[in-house]
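Build the full structure now, drawing on both the sequences and the hints.
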Amino acid sequence: MTAPLHLTLDWADWLNLFAHFLTLSLMSVGGAISTSSEMHRFLVEQHHWLTQEQFNQSIALAQAAPGPNVLFVALMGWHVGMNAGSTGAALFGVLVTMVGIMTPSTVITYAAARWGHRNRDLRAVRAFKQGMAPIVIALLLSTAWIMASSVGGGVLVHWPLWLTAVVSGLVIWRTRIHLLWLLAAGAVLGALGVI
Amino acid sequence: MNSTPPDLAPHPRPRPSPQSLSDLFVSFTLLALQGFGGVLAVVQREMVDRKRWLTQEEFIEDWAVAQIMPGPNVVNLSLMIGGRYFGVPGALAALAGLLAVPLVLVLILAVLHARFADNAPVAGALRGMAAVCAGLIGAAGLRLAGALKKSPLPLPWCVALSAAGFILVALLKCPLAWVLFGLGGLSCVLTYRRLKA
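Protein chains in written order, with our numbering: chain A, 92 to 286; chain B, 133 to 329.
Treat the hints with care, since some could be wrong.
[What the hints assert, rightly or not] Straight-line alpha carbon distances no greater than 25 Å define the calculated SDA-like cross-link-like pairs of lysine to any residue that follow: (1) B:LYS305 / A:ASN210; (2) B:LYS328 / B:ILE299; (3) B:LYS281 / A:PRO157; (4) B:LYS281 / A:VAL257; (5) B:LYS183 / A:PRO157.
[Unchecked claim] Computed list of chain A residues with no C-beta within reach of chain B, every gap over 10 Å: (6) TRP105; (7) LEU106; (8) PHE183; (9) ALA203; (10) GLY277.
Hint data in this document are derived by calculation from the structure and do not stem from the laboratory.
The beta-carbon is built from N, C-alpha and C at its ideal position, and this holds for glycine as well.
Set out below in structure tokens:
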């Protein structure tokens, strides 16, 4: 467990946070989750605005709750604000991170959907569409790796956690089982201290 | 900006469609509340199979654009579906429906969790769920890898590009922008050249 953070954030910090999420939004091809490794680098490693536990729990809670997974971004903003000391700051954190992550991608996607629909046979459009695929896959696998190593630590020491991640990955990949069953199983195993 | 762009305008033939902006909002709220750990599959079932606001082909086409554009796929998809019927206001209504109620729920969960965070079983449960999520995200990557077979690039090139991306991001912790614009740009240029024929 890392010690709780007590932050003092001034306007320059909030602006920095907002600008960072605006940039991440532009890069979030494949979903906001593909930029989570960059969020980790910025929030946890560089600025120490968020603890490792808070980072992991933001992603896990958003997965466990109904709704789009992008809400993990709101939870990160919430935790940064709570670390800065108040519920008001937490709500402001939600506003800053969510407006930041949503606005650029939303505007671009809406404009591009119209443009791309008209020009879907263009060579450049097809090249972008198919050329980004290997990178999107690499980003998803990287996120999985970073999450597993942050919850699990070393493979040898915490092998049951790694095993859980690998087994659930294989089950989700190969079957159509509802994700809730696996999340529940993971929660029960974790609560009982098995993993 | 036109409120109903011509290429997103309703099709001439009669078909089910959202009645109003509030119909869009409510439909997307209900849809979002059914999706645990992701909403994309629910969109397909609700919008295509049940409400028939979209055909299967339109869904696949929109999904491809949603996938390649920045932003969460399901958010992009909701923008396009809303925009198809009501232009910008429709896009915003669908987006608000998708996010508003789930946002409140997830914040309530965060508050409850903070209250019980010191409880060992709760911490353990979250650790277990995080491990499952790591598997889920990895599985999404593996599932998408099937699409590489249809790439104009030879499969070994795709695998090499993916492996390079993984090493740069996961192991060397390179900033994402370098990888996206450097390696991604390279991949797009290679694909462009292969598409020449």
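Inset, instruction - Starting from the hint list further up, note which numbers the structure goes against and sort them upward. - result: 1, 2, 3, 9 and 10
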